[in-house]
Amino acid sequence: MPQSLTPWFLVIQRLGIALLTLVIVSFAVFFATELLPGDVAEILLGQAATPEAVAGLREAMGLNEPALSRFVGWLVGLLGGDLGTSYVNKMEVVELISGRLGNSLKLAGVTTLVSVPIALALGIGAAMWRGSLFDRIVSVLTISVISVPEFMVATLAVLIFAVWLGWLPALSYGADVSSLSAMLKAYAMPVITLSFVVSAQMIRMTRAAVIETINTPYVEMALLKGASRKRMVLGHALPNALGPIANAVALSLSYLVGGVIIVETIFNYPGVAKLMVDAVSTRDLPLIQSCAMIFCVSYLSLITLADMIAILSNPRLRR
Amino acid sequence: MTKIPTNWTGRDDAMVEQMIRRGASRRELLKMLMSSGVAAAAGGSLLMRAGAAVAATPVSGGSLKAAGWSSSTADTLDPAKASLSTDYVRCCAFYNRLTFLDEAGQVQMELADSVASDDAQTWEVKLKSGVTFHDGKTLSADDVVFSLKRHLDEAVGSKVNSIAKQMTEISKVDDLTVKIVLSAPNADLPTILSLHHFMIIADGTTDFSKANGTGAFICEAFEPGVRSVAVKNPNYFKAEGPYLDSFEFFAIPDNNARVNALLSGDIQLAASVNPRSMRMLEGQDSVMTSVTTAGNYTNLNIRLDLEPGAKADFVEGMKYLVNREMIQKSVLRGFAEIGNDQPVSAANRYHNPNLAPRAFDPEKAKYHFEKAGLLGTEIPMVASDAASSSVDMATVVQQAGSQIGMNLKVERVPSDGYWSNYWLKAPVHFGNINPRPTPDILFSLLYSSDAPWNESQYKSEKFDSMMVEARGALDEEKRTAMYWEMQEMIANEAGTIIPAYISNVDAVSSKLGGLKANPLGGMMGYAFAEYVWLNA
Chain A
30 MPQSLTPWFL
40 VIQRLGIALL
50 TLVIVSFAVF
60 FATELLPGDV
70 AEILLGQAAT
80 PEAVAGLREA
90 MGLNEPALSR
100 FVGWLVGLLG
110 GDLGTSYVNK
120 MEVVELISGR
130 LGNSLKLAGV
140 TTLVSVPIAL
150 ALGIGAAMWR
160 GSLFDRIVSV
170 LTISVISVPE
180 FMVATLAVLI
190 FAVWLGWLPA
200 LSYGADVSSL
210 SAMLKAYAMP
220 VITLSFVVSA
230 QMIRMTRAAV
240 IETINTPYVE
250 MALLKGASRK
260 RMVLGHALPN
270 ALGPIANAVA
280 LSLSYLVGGV
290 IIVETIFNYP
300 GVAKLMVDAV
310 STRDLPLIQS
320 CAMIFCVSYL
330 SLITLADMIA
340 ILSNPRLRR
Chain B
41 MTKIPTNWTG
51 RDDAMVEQMI
61 RRGASRRELL
71 KMLMSSGVAA
81 AAGGSLLMRA
91 GAAVAATPVS
101 GGSLKAAGWS
111 SSTADTLDPA
121 KASLSTDYVR
131 CCAFYNRLTF
141 LDEAGQVQME
151 LADSVASDDA
161 QTWEVKLKSG
171 VTFHDGKTLS
181 ADDVVFSLKR
191 HLDEAVGSKV
201 NSIAKQMTEI
211 SKVDDLTVKI
221 VLSAPNADLP
231 TILSLHHFMI
241 IADGTTDFSK
251 ANGTGAFICE
261 AFEPGVRSVA
271 VKNPNYFKAE
281 GPYLDSFEFF
291 AIPDNNARVN
301 ALLSGDIQLA
311 ASVNPRSMRM
321 LEGQDSVMTS
331 VTTAGNYTNL
341 NIRLDLEPGA
351 KADFVEGMKY
361 LVNREMIQKS
371 VLRGFAEIGN
381 DQPVSAANRY
391 HNPNLAPRAF
401 DPEKAKYHFE
411 KAGLLGTEIP
421 MVASDAASSS
431 VDMATVVQQA
441 GSQIGMNLKV
451 ERVPSDGYWS
461 NYWLKAPVHF
471 GNINPRPTPD
481 ILFSLLYSSD
491 APWNESQYKS
501 EKFDSMMVEA
511 RGALDEEKRT
521 AMYWEMQEMI
531 ANEAGTIIPA
541 YISNVDAVSS
551 KLGGLKANPL
561 GGMMGYAFAE
571 YVWLNA
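In order, the protein sequence lines correspond to chains A and B. Okay, so the first sequence: first residue is 30 according to this note's numbering, each after it adds one. Okay, so the second sequence: first residue is 41 according to this note's numbering, each after it adds one.
Rather than coming from a laboratory, the hints here were simulated on the basis of the structure. Bear in mind that the values here come from a model prediction, so they are computed numbers and not experimental data. Any given hint might turn out to be false.
Here are the simulated DSBU-like cross-link-like pairs (lysine-lysine), alpha carbons at most 30 Å apart as the crow flies [unchecked claim]:
no.	chain 1	residue 1	chain 2	residue 2
1	A	Lys119	B	Lys278
2	B	Lys465	B	Lys404
3	B	Lys406	B	Lys499
4	B	Lys177	B	Lys219
5	B	Lys499	B	Lys411
6	B	Lys499	B	Lys518
7	B	Lys219	B	Lys189
8	B	Lys551	B	Lys278
9	A	Lys119	B	Lys205
10	B	Lys219	B	Lys278
11	B	Lys205	A	Lys135
12	B	Lys351	B	Lys404
13	A	Lys214	B	Lys551
14	B	Lys177	A	Lys119
15	B	Lys518	A	Lys119
16	B	Lys502	B	Lys518
17	B	Lys272	A	Lys119
18	B	Lys272	B	Lys250
19	B	Lys411	B	Lys502
20	B	Lys189	B	Lys351
21	B	Lys189	B	Lys278
Working from the sequences, and respecting the hints, build out all of it.
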């Protein structure tokens, strides 16, 4: 194989593994769902679930078919791009998900735009001036932010900014977003809360990665050559630290799509995390599967992207 | 049933609060209020901070945002499937029932002009004329027949299938008259028709992505698990209301977030607030609370057909071991009324006030447990967050048991799947029953020998025959006497311990006018939207 094609082969290999992972995850989710007690008919009827009523509803919903064959049917439909129909409210899963996925991605996107530059700047800065007052302040702050659970941050933020000061609305969704300032206001609190959660991890990992490369002999050589501290870190150490940093960023960001249930709940923001929780509590298999696929795809694509950045930024991995 | 006090001051707030902390029952509070000249009728709501002058004249216009406590993709506009407060609120806004219950628990006509019968078995429903659906169609007998018959079809998955089954014939007589024949006489039919599930929909409706009803509001948007937007129906058939131009409803499941949203003015109504949040609401001029004791309860069920409940002395002992006062005071923080082991609460006009709640008496309990030979045996009590406050209640009972050497174990199970896996099944477990409008529904659902939810497997032929007899009795006095006796039978013979009727606390903006308590539940029996208004 020609040398120049090797990185692309690696990338294709990565994509293949990602696809396989998706299929495995979907089976795992299916079996886990099957283990849950009760089915959608029982859950929907709740206390009114008499045996006749459950049987009648199962019949009407087409649930008498074995679960596995329904699942395989769904998988086949997925290949054709059809996510299926929700058992619970007979709506197309695509329709249920699309709006909320948009909301989730919007929130994740804004949070990324805010948190990644700040986290990278703070992390690299802390590594550059290691042991300084700045470094120590950043470290103490990140540790404390990691230690405080997000529901606490979110609730406190609402209490202070919405209830006491009245600057920001307590709810993000349904708030007035007609002007830019109104939109900034509506998004401010969830974005700040989420940025707190995701950037702490990124700051620490960036700092550690940069410090590790600074300690290597070739960077020391650069310093001995007389390169400035800035040039040493940004020009020599950073390119080699890029791989681990990209990984840390990807891991933190992957949390933003599926893991923000607390923020969605507190700010009444209709995203996909809440949708997944609903789907599980009503045993709505097509919806559970579709959400799981979305989380998995977003996770895998972020990780794959990070891997690709690592591969392409590191000449050694290209050979 | 509520008169809003006009001479209410902050000092009164403090006094009521202190009384509640000291454990005053609602009845004691009301007695105190009456004696100080505040008119508040029994079963009514107590409005804290009502001193913030609430204008009594409705104001038209404005847009209301209200938040319930639960919402999911299972939210529905199909009244037959409605299962949560969220669904009831929407159904009440978009549809109408034939009848409804007013604040005093009396039946009032809504879409019906009259619901009448000579023998309580063959009923004639006369409809109001000139009522139109949102799509312009005129209400006729066909719509009513269709709406009622749906509940008999199992494929619909109706929550009231078992209640609807007694309607053996539902037929159209003429355009505005419907005949309903019951399998046996039931004088309660007008009340049954006031259940939220019996909302009237247009003939042939199968699509519930939008609501086409006769209600005070037109459904502009509905996204299950997200929100609904309703706008005023300009052609509403009632002379009064709705006052609001539009009304948005969604859920904020987290209690603190709901209270915060109300305090910050983002919403004007926060339904079902945890009494723990009361401190945050106190001293805020912008909000007030409305307390309703409609008859929701969490009860301890002991199955009489399984060990240990098969031993009558165990059941008797447990009834003495439950410290009702402590449950009311500490578990429910005073927002409850002590119960007397039977399901008909004081909000119901058939409640038997002479039936005193059993006193907490560990010595008597010990005597009975000893007699049953169960002292020292480990007995699990299944509790779950699904039955609200049951875990705390179980702990109170367990503690009392350990004082007398009774080894009760709290077995806490997940709320997910609780109703299908543990409720009605475990020998000793907790249940939670929502308020029902008539004793007959409660009895036939929960206590008759063939009741689908016979929580303690209570079986009594005398009870069954009395139930049927009372059901068909059109003589009010005789009926009341029978219902009182049946309540006594349940309290003394069944294995269901009902320690308290839980109050529902809704918190609302002080700008909101017109909210009253209703025996069907919080938020004015979920029908607040068409009755409330926003003061400027």
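Would you check the hint for Lys411/B and Lys502/B, treating anything up to 30 Å between C-alpha atoms as holding? Answer holds: Lys411/B to Lys502/B is near 28 Å, not above 30 Å.
Satisfaction of hint between Lys551/B and Lys214/A, Cα-Cα up to 30 Å: holds, 25 Å
Are the Cα atoms of Lys219/B and Lys189/B separated by 30 Å or less? Between Lys219/B and Lys189/B the Cα gap is close to 12 Å, so the pair holds against 30 Å.
Check whether the Cα positions of Lys406/B and Lys499/B lie no farther apart than 30 Å. Status holds; Cα separation ~26 Å.
Run the distance test for Lys205/B versus Lys135/A: straight-line Cα separation, threshold 30 Å. violated, 50 Å
Hinted pair, alpha-carbon criterion (30 Å max): Lys189/B, Lys351/B. Please report holds or violated. Roughly 44 Å between the alpha carbons, so the hint for Lys189/B and Lys351/B is violated.
For the pair we were handed, Lys499/B and Lys411/B, check the Cα-Cα distance against 30 Å. Holds, at roughly 23 Å.
Next pair to validate is Lys219/B with Lys278/B; report whether the Cα-Cα distance is within 30 Å. holds, 24 Å
What's the verdict on Lys351/B and Lys404/B, does the C-alpha distance respect the 30 Å limit or exceed it? Since the Cα atoms of Lys351/B and Lys404/B sit roughly 16 Å apart, the hinted pair holds (cutoff 30 Å).
Lys551/B and Lys278/B were given as a pair; does the straight-line alpha-carbon distance stay at or below 30 Å? holds, 24 Å
Proposed proximity, Lys278/B with Lys189/B (alpha carbon, max 30 Å): holds, 26 Å
Would the hint linking Lys465/B and Lys404/B be met if the CA-CA limit is 30 Å? Measuring from Cα to Cα gives roughly 28 Å; hence the hint holds.
Checked against the numbered hints given earlier, this structure breaks hints 1, 11, 15 and 20; the rest are met.
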